[in-house]
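Colleague: Chains as they are written, first to last, in full-length UniProt numbering: chain A, 1 to 263; chain B, 1 to 263; chain C, 1 to 263; chain D, 1 to 263; chain E, 1 to 263; chain F, 1 to 263.
It is worth saying that the hints were derived from the structure and are not from the lab. For clarity, every value in this text was computed on a predicted model and none was experimentally measured. The reader is advised that the hints may include incorrect statements.
To be verified - Some, not all, of what chain C presents toward chain A, calculated at C-beta under 10 angstroms:
1. L122
2. D209
3. A230
4. P243
5. R245
Unchecked claim - Straight-line Cα separation of at most 25 angstroms, BS3-like style, residue types lysine-lysine; simulated pairs:
6. C:K231 / A:K23
7. F:K235 / D:K226
8. A:K231 / A:K256
9. A:K226 / A:K174
10. E:K23 / D:K235
11. D:K128 / A:K128
12. B:K256 / B:K174
13. D:K235 / D:K256
14. D:K256 / D:K174
15. C:K235 / A:K226
16. C:K231 / A:K226
17. E:K174 / E:K235
18. F:K231 / D:K21
19. D:K174 / D:K231
20. D:K226 / F:K226
21. F:K23 / E:K231
22. A:K174 / A:K256
23. F:K77 / F:K128
24. D:K174 / D:K226
25. D:K226 / E:K226
26. E:K235 / F:K226
27. C:K226 / B:K231
28. D:K235 / E:K226
29. B:K235 / C:K226
30. E:K231 / F:K226
31. E:K21 / E:K174
32. D:K128 / D:K256
33. B:K128 / B:K77
34. E:K235 / F:K231
35. C:K174 / C:K128
36. E:K174 / D:K231
37. D:K174 / D:K235
Here a beta-carbon is modelled for each residue, glycine too, at the ideal position from N, C-alpha and C.
6 protein chains.
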Amino acid sequence: MLERLLVTGAAGGIGTLLRHKLKPLAKTLRLSDVADLGHAGENEEIVPCDLADRRAVRQLVEGCDGILHLGGISLEKSFDTLLGPNIVGVYNLYEAARACGSPRILFASSNHVTGFHEQNTLLTADAKLRPDGLYGVTKCFGEAMARMYHDKFGQETAIVRIGWCAEEAQDHRKLSIWMSPDDFLSLVTCVFTVSRLGCPVIYGVSNNDTIWWDNSAVSYLGWHPKDNAAKFRDKIDAAMPRPPRDACDAVYQGGKFTIEPIH
Amino acid sequence: MLERLLVTGAAGGIGTLLRHKLKPLAKTLRLSDVADLGHAGENEEIVPCDLADRRAVRQLVEGCDGILHLGGISLEKSFDTLLGPNIVGVYNLYEAARACGSPRILFASSNHVTGFHEQNTLLTADAKLRPDGLYGVTKCFGEAMARMYHDKFGQETAIVRIGWCAEEAQDHRKLSIWMSPDDFLSLVTCVFTVSRLGCPVIYGVSNNDTIWWDNSAVSYLGWHPKDNAAKFRDKIDAAMPRPPRDACDAVYQGGKFTIEPIH
Amino acid sequence: MLERLLVTGAAGGIGTLLRHKLKPLAKTLRLSDVADLGHAGENEEIVPCDLADRRAVRQLVEGCDGILHLGGISLEKSFDTLLGPNIVGVYNLYEAARACGSPRILFASSNHVTGFHEQNTLLTADAKLRPDGLYGVTKCFGEAMARMYHDKFGQETAIVRIGWCAEEAQDHRKLSIWMSPDDFLSLVTCVFTVSRLGCPVIYGVSNNDTIWWDNSAVSYLGWHPKDNAAKFRDKIDAAMPRPPRDACDAVYQGGKFTIEPIH
Amino acid sequence: MLERLLVTGAAGGIGTLLRHKLKPLAKTLRLSDVADLGHAGENEEIVPCDLADRRAVRQLVEGCDGILHLGGISLEKSFDTLLGPNIVGVYNLYEAARACGSPRILFASSNHVTGFHEQNTLLTADAKLRPDGLYGVTKCFGEAMARMYHDKFGQETAIVRIGWCAEEAQDHRKLSIWMSPDDFLSLVTCVFTVSRLGCPVIYGVSNNDTIWWDNSAVSYLGWHPKDNAAKFRDKIDAAMPRPPRDACDAVYQGGKFTIEPIH
Amino acid sequence: MLERLLVTGAAGGIGTLLRHKLKPLAKTLRLSDVADLGHAGENEEIVPCDLADRRAVRQLVEGCDGILHLGGISLEKSFDTLLGPNIVGVYNLYEAARACGSPRILFASSNHVTGFHEQNTLLTADAKLRPDGLYGVTKCFGEAMARMYHDKFGQETAIVRIGWCAEEAQDHRKLSIWMSPDDFLSLVTCVFTVSRLGCPVIYGVSNNDTIWWDNSAVSYLGWHPKDNAAKFRDKIDAAMPRPPRDACDAVYQGGKFTIEPIH
Amino acid sequence: MLERLLVTGAAGGIGTLLRHKLKPLAKTLRLSDVADLGHAGENEEIVPCDLADRRAVRQLVEGCDGILHLGGISLEKSFDTLLGPNIVGVYNLYEAARACGSPRILFASSNHVTGFHEQNTLLTADAKLRPDGLYGVTKCFGEAMARMYHDKFGQETAIVRIGWCAEEAQDHRKLSIWMSPDDFLSLVTCVFTVSRLGCPVIYGVSNNDTIWWDNSAVSYLGWHPKDNAAKFRDKIDAAMPRPPRDACDAVYQGGKFTIEPIH
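Bound conformation, chain A alone (with noise of 0.2 angstroms):
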């Protein structure tokens, strides 16, 4: 059990789901975002901050043994947009580690580093990076900087590639994708518990019946997702017609991101 896992980005999506999930695995949250946190519950720290801000990343780290970094922009937007959070902000808060201990840190990555990658190929930790927009490319350099403080420090972090973290899949891409906040619970147990974490490459997905991503490489882990996107397939099925073959949604991994403007 930890003593005070950190949780960047508490206020967004994935943050939400997880807020009250957490809870076991330390004596005390330290919840962060630039959004509004709510009232702190119990065990509960809020700390709001501004990735971009040094000093202020340096003092949120300060006294945590763990580190969820659910942090910065998830989304598609402007180069000027994402470069505070997402570029500026992990430089921040890698050197925070550094100057704090190395705690262990869970890095929220994205499927979007590889998301020219098309739907009909099994992805393994070693698959080429292949970004489909701003977004994944700046998560490219989060996992650049993961794996030099590794190298050069030993700072241990797991680089997650998150599918999509959701209560429900909602189209039919997301069959494939979905991960369900309980198997992100219990990878974030299995990575804040394992004696040597290193610095691996995992696929954040649930043991969907249509898989794109090989975790086998981590299998030391000993990560088991438990949930199924199939169980959504119907009612997605009723609601929308399935996309045709030679729509981006159908194509490739990345779906809409592959055809989002660049600004």
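Chain A is already provided as a structure; the job is to place chains B, C, D, E and F on it using the hints.
Modeller: Just chains B, C, D, E and F now, with coordinates in the frame of chain A:
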């Protein structure tokens, strides 16, 4: 759901097993063979056709939006016997499909395209072609044809290297290659419902205890065979001795096909 | 069912665990060791033997149609201690087998032939040999001997790199390498009943939550271990702290063997 | 030195280039084609033959201890045109060889069996088959036939995927695929003099500056092509513009074959 | 021949070495830097530009049909120093290129994106990214940007992981990573004259005796470096001792960069 | 330059060939063997030693900063003959080296550790061990010992799988495996002068026309063999017939060793 699914070779072993099971997949089943197919049932059309007859095949394919190509010879036979249905017939089918809007095809290939691999080798879709007879060579031809029509015209085909599809496994080798009719049905369903198929190679085999083939490259299809030939093991053990270790049935994946004469 | 299964090292840890379980595999169990084996039970023969004694080994193997070779030293010991049983003894065993009709052999190799691989690496049968001590080096010798007798004389051997076979896993590393006696028994059964064995490398480990080894290359054997060391996790967590991340028990697959002195 | 080397397709482009160069390889050259071969020179035999005529092929092969199989169509043609020489003819040749002591065969396959790979991909002998037309599909058939006769009957064949064998490279794509007649001759010599050939796939190409194919898997043959198409670059640059980057001649290894119609 | 080749970072080390050599490649060289470039020579344009200034970069790229992007910081520096030229600057460059018809780009990446690989490891283009400092991380970012613009917009880039480009190799590590200016020039020529470039990763290194990098994946480019750092070995041996085996200069490909502090 | 290079097996075939060539590598050559070495030349020390004598080996190694370990049996012999020099002797040598500051070792392994691979297979350092006799098995043991001392104690060893080192190649198989004494000398020089050696596997073979082994994994050593056995081909062709295709000398890399009896 398809409008009209063409089933070639519908009077053969597999065709007969699947005829009734396929009904939910299409509004109309168009059943074809050179052998007698009996009376057309509800939602069935019977269209006799010699695959070597180009014009007839063209008419056969017209109006279908899916093709389950079980037709052709599926045993080691003389070259002259195989030439019409398995060589000329495959060309005729693909040309007809091209003229008719390129309906998706499931091509019944065979484990005999890789039959000279040893049984203690796990094959993936990339395995070297090692056909075990003329029949296997014609199936290599068919696979090459499918791939070419995919690259050149976008024709989608599921190349299914069928092990042994029957109600039962009847000898020791078949314990490893058996595919239940229900598992084949679920594969057919996956093939015709996935948004984007491409032109994958799939080993057609149930979830048997002993496995020679690795389908992880097509996990995007979401096919999870459920049956297991292990249930036939005791009956087979009682009925016949295990093959000795140097018998073709114990050495090669293709079993006795590897010692069939050529003529 | 075998006529007579020779079990060497039958008085050792694994031999003792399996002695009664092995009965269904053979009409007669020939149990051998340098240590006391007690009285022969029903269908048992007790044949004391020093593996370094060529003539004795020759007599020991005579009349057996299967060999479970658990004999030899299975701990890091001085070179002079290992030389007789693990080097000379292995040669004696294979020569005896060659003289006696080449009965199939299960050779108890060890995870210590690859003990210097890190725990966050998934090994296949092709993994580079990285022995973690003299014991591991002698097992590399045994594996090479097995392979040579296979290529040269057709001798079949299952090279089983045993993790930790015991009733219980007693520390954190063993949660990943534990093999239950029942799972070992089912492996022995597969090895002696498959029609054609060849000379495969198999990792001897149960179906644990945390996995370092990939046995998919031998899925033709149909071995499906059922037990899972995860059931011991709480007890271990209660009994001792997790090893720190830089301890040999957390870094290397071979654990403490990697720091045993050489003498 | 061979007793009698059969050269099929001897009146074709490559056959004509090699006719005189081949003399040192055999005491007698048996030249065959459906087209006129002129008068037999010294140590030459002229044997006209239609490859689709089984009986004629059987007589053609009789008495030969080596076969250079250049025969058949080597352009994209209609299926009906290709069927006789490239499908039936190949079967006839292999059956005749089997009846006549299995003389070693060099089978002229083609880069068009892999023509849909992109030019910026380095292919090895294991490259996936991606034929670029019916011609390429028939060559896939021939390769499969060669492999089957090897596995089943020990027939040795050098499968040579010829790029473009001519005195000169005449366009930009050919700078990468050109094989000089002298380099082909040295390959033929290696194939017929190595003690054990097996059934290798060899890319038939000179030592050009720009390379798409990797022959290191057959370095046991000792073939070291000496010529380099780079010497033609200036002439080609002067004669025509480089193809634009999206032209089939710049994208695909098969060049214009990829856009040839099927009929 | 290009109409106008933009050279960024033209006042830097490599830019200075190549300035005169590049003349035959383009009718006009547009030289740019934040540092002084002296007077424009014949067929030269001098356009000072700060890469972090989006509007200026847009004007800089206008009218160019090729870009040799040497600009940015090429040493380990503070994050704040690198951010403008190596992160913002790369985005600015690719956006400008997209607005200006996507002229082909040679992006000067660095061996420091893989600097934590050991010197006794042969890297291919697929090697895992292991940057050795912040500089290396920014180059990983640039490579990801190049790849994304390729997949999304068809922008072609040669990603050249430069070893050490200078007139001379001055220490033992550089004997393996040295690239002569002439060899770089021939690479630039290949990159801008090949019909189809794609987005390859190329290691920028001469034909040295000791090699850490394998460029066979880009043999389609026809680049054959001619120089060999071995000619500097005696001079280096005379000037300094070989690094001891555990010095970073002997262990890691990135040499001293691996021990540079982060700030 | 080394202070004192120990050469074991100095009276053997290779030792005799290299004795004078090695002088420039070390101030003193310490030559050792059980056979007579004649008088010590300038800068030579003669130290007779039985490798199986632990104490003697300890004294032999004392004071040396490099070891060329040619000692031991290099032919297929009885197990009892091999046991002392090739098993016990290797252990003695590594223990002595550990006690004496871990001088770098070149261990003369053999192509017979992979002798059961076929001649038409290109082996890399990762090739599966397939020893062709007891001699090969003992060399597998030595390679495992070298690797263990590297992983455990940092001992550096060049594992050189020597083909056939002699003034001349005398039969057809040796055309592929011959290593000239000069090429071996240049390898020895590379091994003892590279800053960091590690524990690589190197195939000891000249730059022959026909090649079975790929040394690209050790290109960091900068070894470029210059000689080519092709110059002996005519003489060999004149002296003896090529082996028939199914002779062990044509099938297996290990040649006749594969049919040597075991005793």
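Colleague: Each hint: holds or not?
Modeller: A quick look at each hint next to the structure:
1. L122: holds, 6 angstroms
2. D209: holds, 4 angstroms
3. A230: Holds - the Cβ of A230 of chain C comes within 10 angstroms of chain A, reaching about 8 angstroms at its closest.
4. P243: Hint holds; P243 of chain C Cβ to chain A Cβ min 5 angstroms, cut 10 angstroms.
5. R245: Where the cut-off is 10 angstroms and the nearest Cβ of chain A is about 4 angstroms from R245 of chain C, the hint holds.
6. C:K231 / A:K23: Cα-Cα ~24 angstroms, so holds.
7. F:K235 / D:K226: holds, 24 angstroms
8. A:K231 / A:K256: holds, 23 angstroms
9. A:K226 / A:K174: holds, 16 angstroms
10. E:K23 / D:K235: Since the Cα atoms of K23 of chain E and K235 of chain D sit roughly 23 angstroms apart, the hinted pair holds (cutoff 25 angstroms).
11. D:K128 / A:K128: Satisfied, since the Cα-Cα distance of roughly 20 angstroms is no more than 25 angstroms.
12. B:K256 / B:K174: holds, 12 angstroms
13. D:K235 / D:K256: It holds: about 21 angstroms lies between the C-alpha atoms, which stays within 25 angstroms.
14. D:K256 / D:K174: holds, 12 angstroms
15. C:K235 / A:K226: holds, 24 angstroms
16. C:K231 / A:K226: With Cα atoms ~18 angstroms apart, K231 of chain C and K226 of chain A stay inside 25 angstroms; holds.
17. E:K174 / E:K235: holds, 13 angstroms
18. F:K231 / D:K21: Given that 25 angstroms is the threshold and the Cα spacing comes to 23 angstroms, the pair holds.
19. D:K174 / D:K231: Roughly 12 angstroms separates the two Cα atoms, so the pair holds.
20. D:K226 / F:K226: holds, 18 angstroms
21. F:K23 / E:K231: Roughly 24 angstroms between the alpha carbons, so the hint for K23 of chain F and K231 of chain E holds.
22. A:K174 / A:K256: holds, 12 angstroms
23. F:K77 / F:K128: holds, 23 angstroms
24. D:K174 / D:K226: The hint holds at about 16 angstroms.
25. D:K226 / E:K226: holds, 18 angstroms
26. E:K235 / F:K226: Judged against 25 angstroms, a Cα distance of about 24 angstroms means the pair holds.
27. C:K226 / B:K231: Measuring from Cα to Cα gives roughly 18 angstroms; hence the hint holds.
28. D:K235 / E:K226: Within the cut-off at roughly 24 angstroms; holds.
29. B:K235 / C:K226: Given that 25 angstroms is the threshold and the Cα spacing comes to 24 angstroms, the pair holds.
30. E:K231 / F:K226: Status holds; Cα separation ~18 angstroms.
31. E:K21 / E:K174: holds, 23 angstroms
32. D:K128 / D:K256: Satisfied, since the Cα-Cα distance of roughly 20 angstroms is no more than 25 angstroms.
33. B:K128 / B:K77: holds, 23 angstroms
34. E:K235 / F:K231: violated, 36 angstroms
35. C:K174 / C:K128: holds, 22 angstroms
36. E:K174 / D:K231: violated, 34 angstroms
37. D:K174 / D:K235: holds, 13 angstroms
Of the numbered hints stated above, those contradicted by the structure are hints 34 and 36, listed in ascending order.
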